[in-house]
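Number of protein chains: 2
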Amino acid sequence: MKKHIISYLLIGLMLGCATPKEEQVVSDVVHGNESEINSLNEVYLDSWNDAAKSKITTWVEAVTNSSSSSFIPEEDRIAVFDNDGTLWSEQPIYFQVAFAIDEIKRMAPDHPEWSTQAPFKPLLEGDIAGFLAGGEKALGTLLATTHTGMTTEEFDKRVKSWMQTATHPVTGKHYNEMIYQPMLELLGYLRANGFKTFIVSGGGVDFMRAWTEEAYGIPPYQVVGSLSGMSYEMEGDTPVLNKLPELYFNDDKAGKPVGISRSIGKRPVFAGGNSDGDYEMLQYTSTGSGERFGMFIHHTDSVREYAYDRDSHIGRLNKGLDDAQKYNWMIVDMAKDWKVIYPYQMK
Amino acid sequence: MKKHIISYLLIGLMLGCATPKEEQVVSDVVHGNESEINSLNEVYLDSWNDAAKSKITTWVEAVTNSSSSSFIPEEDRIAVFDNDGTLWSEQPIYFQVAFAIDEIKRMAPDHPEWSTQAPFKPLLEGDIAGFLAGGEKALGTLLATTHTGMTTEEFDKRVKSWMQTATHPVTGKHYNEMIYQPMLELLGYLRANGFKTFIVSGGGVDFMRAWTEEAYGIPPYQVVGSLSGMSYEMEGDTPVLNKLPELYFNDDKAGKPVGISRSIGKRPVFAGGNSDGDYEMLQYTSTGSGERFGMFIHHTDSVREYAYDRDSHIGRLNKGLDDAQKYNWMIVDMAKDWKVIYPYQMK
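Protein sequences, first through last, are from chains A and H. By the numbering used here, the letter at position 235 of the first sequence is numbered 235, and the numbering carries on one by one without gaps. By the numbering used here, the letter at position 192 of the second sequence is numbered 539, and the numbering carries on one by one without gaps.
Check each hint, because a few of them may be wrong.
Not the full set, but computed from the structure, chain A residues with beta-carbon under 7 Å of chain H [as the list claims (entries may be wrong)]:
no. : residue
1   : Pro220
2   : Met230
3   : Gly265
4   : Glu280
5   : Tyr306
Honestly, the hints are just simulated from the structure, not real lab data. All C-beta atoms, glycine included, are put in the ideal place defined by N, C-alpha and C.
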């Protein structure tokens, strides 16, 4: 039921045709009536335990209060989020890599030569350790083979098809079911308070856009990611965009502030990440003038999700923990701060 | 007065807090009540003569009518516009080049060596022909000298400062006053009908973002343009984004559909341009499935603006005119179709 209430409010916000009661709530959000905002917090941040929730709401209430010295005008309310490990899970391997491996298996019947070639042989035999021994070169070949040499439209179809059929090896759920319920609520809460929400991820932008609008309510033009080469060509009378094998832009680490500048053009005031790949994005956000909010999701929940940080090969969080106090970053303890992890766990 | 009405309606659309009368109008726009939409056309496309206006409104009314076979869902209503010569003037030289030349003059006292060096010497002597004789190399040096080797924030300040002081050699107006009133109305009309409006220009993205939000109501994250190299670096404790001399991406010709794919991630349904540099953008737009609208602004008005097309060095329109019928592109005749050119000509 609550999901419908949220949707209705958001539609109301967008269309400007709310009924009187919703209109009052929407108006209160926009204009900063505190008591009504508090009741909306209950809707939007339901899956957050109180201590963590209040850190977020205290900040948002301050920066959206036009009579506060912390006020941030609506046009500057830019919020950026990493994707892997921040908005959805990333273990035991990045889901985009899981897609690539599944694609190799799907394509293998047309490529009998792969049964003896690296890096395909170990992948087809389920030998992930053997594949990883091939290092960056093996990963590069895997991504080039499965992500390029086709049009953007063909690639989009492949990702959508995979998302509907593939399942996670541990939960048995579709990958797009393994998004974080508390982060969905945070995205909605920020948007209801006038923020624009963006994804800024090391993941491939075309891979993400195939499903992020449906999953997070974030449209394609608010998704920033890594880029492959691309060419515009005519196939007869039909123009196509072909994905080319080279990596054109790596939207990770120091690349994230660059990607933000190029694609968004404003310095964010709110940033959420979970690994040292997000360090520079949070640093760039938190060192701007005025009020800023930086947040690292700390994977502490070995029972409901995964527990990893300083020594992990995937999503290593080391420098981010060291410098959290220096930059006033919130460390979200998934085990303690989140009532549920995934939407399918909601009652 | 009309400008205030438009602003009020747009604010109402965004905030969902319209008064009952405006709410009805807004709701009618969203839900497609034809008689009310016609009255809004009067507000939004006032500077268009009837024949041209009706080509636009007929199409928009069809694609926003949910019971029409031409209907386009709101999330797919992506409209893209070139900037130079499409949203503002571009003669006698691209305004960004005028900025660069003015910057050379401003910086010259700190560079006495420029008085004998190409391409600075001809520029400082007002010898544009001599500068142009240096070809692409001269232009590259001009742009690298004035657009890179500084932080994004410093560059933004320089553009804003120039925009407040510099004036056009013919009209004597500030450059941001030389935007096209009919196109402002078209942008507003499309947005009121659920379209997202984007700029997709060969111009530098940082140059445009310094003023396009105020001029057109288009926020920085909806501006796609050419990109320089960029690095994220620490200056002491302060992170900065430095603009580097190399051209990283040229958002022109076949680069425009690539820029659209990378930054917007959806194929547009409406595209407006004015030169063959926009040909591929209009072609990519018009060859998609479903209803599409392509428009070339044809510079036919030697009295109120400039007249140029097939043989011009700036904004050449040749292939676009040849193929307009093939792709069903509207050719806007500025002299015949527009009642006024610039906002300052409004009564």
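Verification of the supplied hints:
no. : hint   : verdict
1   : Pro220 : holds (3 Å)
2   : Met230 : holds (5 Å)
3   : Gly265 : holds (3 Å)
4   : Glu280 : holds (6 Å)
5   : Tyr306 : violated (30 Å)
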